[in-house]
Amino acid sequence: MSRTQTHNGPRAAPGGAERAPGGAAPKQIVRLQGIGKRFGGHEVFRDLTLAFFRGQTTVVLGQSGVGKSVMLKLILGLLKPDRGRIHIDGTDITDLSERELAPLRTRFGMVFQGAALFDYLTVFENVAFALREHARLPEKQIREIVRQELALVGMGGTEDLLPEELSGGMKKRVGLARAIAMDPEVILYDEPTMGLDPVTADTINALILMCQRELQTTSIVVTHDMASAYRVGDRLVMLHEGEIIADGTPEEIRRHPDIRVQRFIHGDASLTAAPPG
Amino acid sequence: MNPAKPIMALGRHVADQTRGLGEFAVFTGRVFRWLLTDATRWRLLRPQLYEIGVRSLPVIVITGAFVGMVLAAQAYYQFESVGLGARSGSVINLSVLKELGPVLAGIMLAGRVGGALAAELGTMKVTEQIDAMRAMGADPIKHLVVPRFLACFLLIPFLTTYCDFVGILGGYLVAWGYGVDPNEYWRHSANAIENWDIFAGIFKSVFFGAVIALISCYKGFRSRQGAEGVGRAATEAFVASFMTILILDLFIVLFLQGLYEALWGRVSIFI
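One line per chain: the protein sequences are A and B, in this order.
The first sequence begins at 32 in our numbering and counts up by one.
The second sequence begins at 583 in our numbering and counts up by one.
Chain A with its partners taken away, still in its complex shape (with noise of 0.2 Å):
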């Protein structure tokens, strides 16, 4: 299944234009240098610098409360960094007020934990939420773009539902629509099999891996679910204590020497050596 309507501009295919020629490194779309951030006495970043690229899907691993979810929101702009610059394709956006984040946030799309669905709207109106917002479109157009993107996610025919209608699972896929809605260029997903029973979880990576190859778009990914981290992710990086204490392909995470990196992956803090092999 395809869409066929676009309301955010044109986009570049992944890997394709925006990769250097000869198989370089593909081009950042975010870069966070040197990110301090505090919450009160709780110092979640130090001096954390990491980049996404283009076309990429990245998965950001760590424990509870190392501070995932704040990256997210360092990224759209709903949190400010203490220090540090934010650079969204090249421009800062560390220091713009929120008006100025506006148009720069319809090129995101967030899959929020919880889905995080406006409860007093229907499946509908949650899903043409920015479409209304944004795309000037006749009310026509956006009720097939909306038919269009719940299909997609397999959830046609739940418009008229409200979200306390729907299953946890059913949540994070309208969550999705609605984050797919505007086309964006990428999509940022905090923990989106949290909560979920393993077959629901796997349907929700395959949604993942759809947007990417259907949408073609850069995701950023937060989770601690193993299982998703290296169904979906190209590139998988784990932050422990506010640092970066592992970043390469799910295979290089899997033989990681570091030992907080193998408790983690396998969840087992007893361990005091990496597994053989």
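FYI, nobody ran anything at the bench for these hints, they're computed from the structure.
Bear in mind the structure is a predicted one, so any value in this text is a computation, not a measurement.
Check each hint, because a few of them may be wrong.
[Claimed, not checked] Simulated DEER-style distance windows between Cβ atoms:
{"id": "1", "chain 1": "A", "residue 1": "S128", "chain 2": "B", "residue 2": "V821", "range": "29 to 37 Å"}
{"id": "2", "chain 1": "B", "residue 1": "Q807", "chain 2": "A", "residue 2": "Q94", "range": "13 to 21 Å"}
{"id": "3", "chain 1": "A", "residue 1": "R77", "chain 2": "B", "residue 2": "G840", "range": "54 to 62 Å"}
{"id": "4", "chain 1": "B", "residue 1": "Q807", "chain 2": "A", "residue 2": "L152", "range": "20 to 28 Å"}
{"id": "5", "chain 1": "B", "residue 1": "Q599", "chain 2": "A", "residue 2": "D78", "range": "49 to 57 Å"}
Cβ atoms here follow ideal geometry from the backbone N, Cα and C, with glycine treated the same way.
Given the structure of chain A, go ahead and fit chain B onto it with the hints provided.
Chain B in isolation, oriented as in the chain A frame:
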């Protein structure tokens, strides 16, 4: 104990309160900026008009009616003891129109609507719905606060008028029950009440509606995480709205009295 500690604590408290006032002023400024630059959509306003206006009517009616009746019961005995029972209507109806109607309608609105607004927006904040709105490049103030503000601002004059009406009716019923001559009761009331008195009550209610909406929405937006945070936001919204209504009432009364005297000179029901 370090003797500087209480002074430091006081300084921190003053700084926090000042910062809070500044944030509230910025919040209010953003609400008015959207009000002046963007037409609120009927689709957003309609549910708020229903929730804030229609659903507040029962509580307003009961409050107004019983306040009028209690006032009549209290006033009648005092006036009757000096043979002026029929004149009680002037005091009852003036009190309802100028003070009790608008203030009690405001307080009931703060309790019923203010707490609910803060809890609703607080829940939206802790469930990341407000962040989701910002993440889509939309301003939550425009979508969530402006329609609620407009609904409170536009409907409170009608709710106050309703409260006044049932208060006057309740007072009359009690006076009639005591055997007061209806013609005398209404004649004295009509002599004592001027259009200005009706205007004064309605005029101040508009300010009450505005502060209830602004304070309650602000408290909701500032809600801390969890059920306790939302509950606290709702309580703070009511308490702050209640106190602001009482303080604002004094200043509006002083202003209106000064204005009246400047325009028409001093007038009393006893002259």
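Now for the hints, and whether the structure bears them out:
1. A/S128 - B/V821: 29 to 37 Å: holds, 33 Å
2. B/Q807 - A/Q94: 13 to 21 Å: holds, 19 Å
3. A/R77 - B/G840: 54 to 62 Å: About 60 Å separates the Cβ atoms of A/R77 and B/G840, which means 54 to 62 Å holds.
4. B/Q807 - A/L152: 20 to 28 Å: holds, 23 Å
5. B/Q599 - A/D78: 49 to 57 Å: With a Cβ separation near 35 Å, B/Q599 and A/D78 fall outside 49 to 57 Å, so the hint is violated.
Consistency note: the structure conflicts with earlier hint 5 alone.
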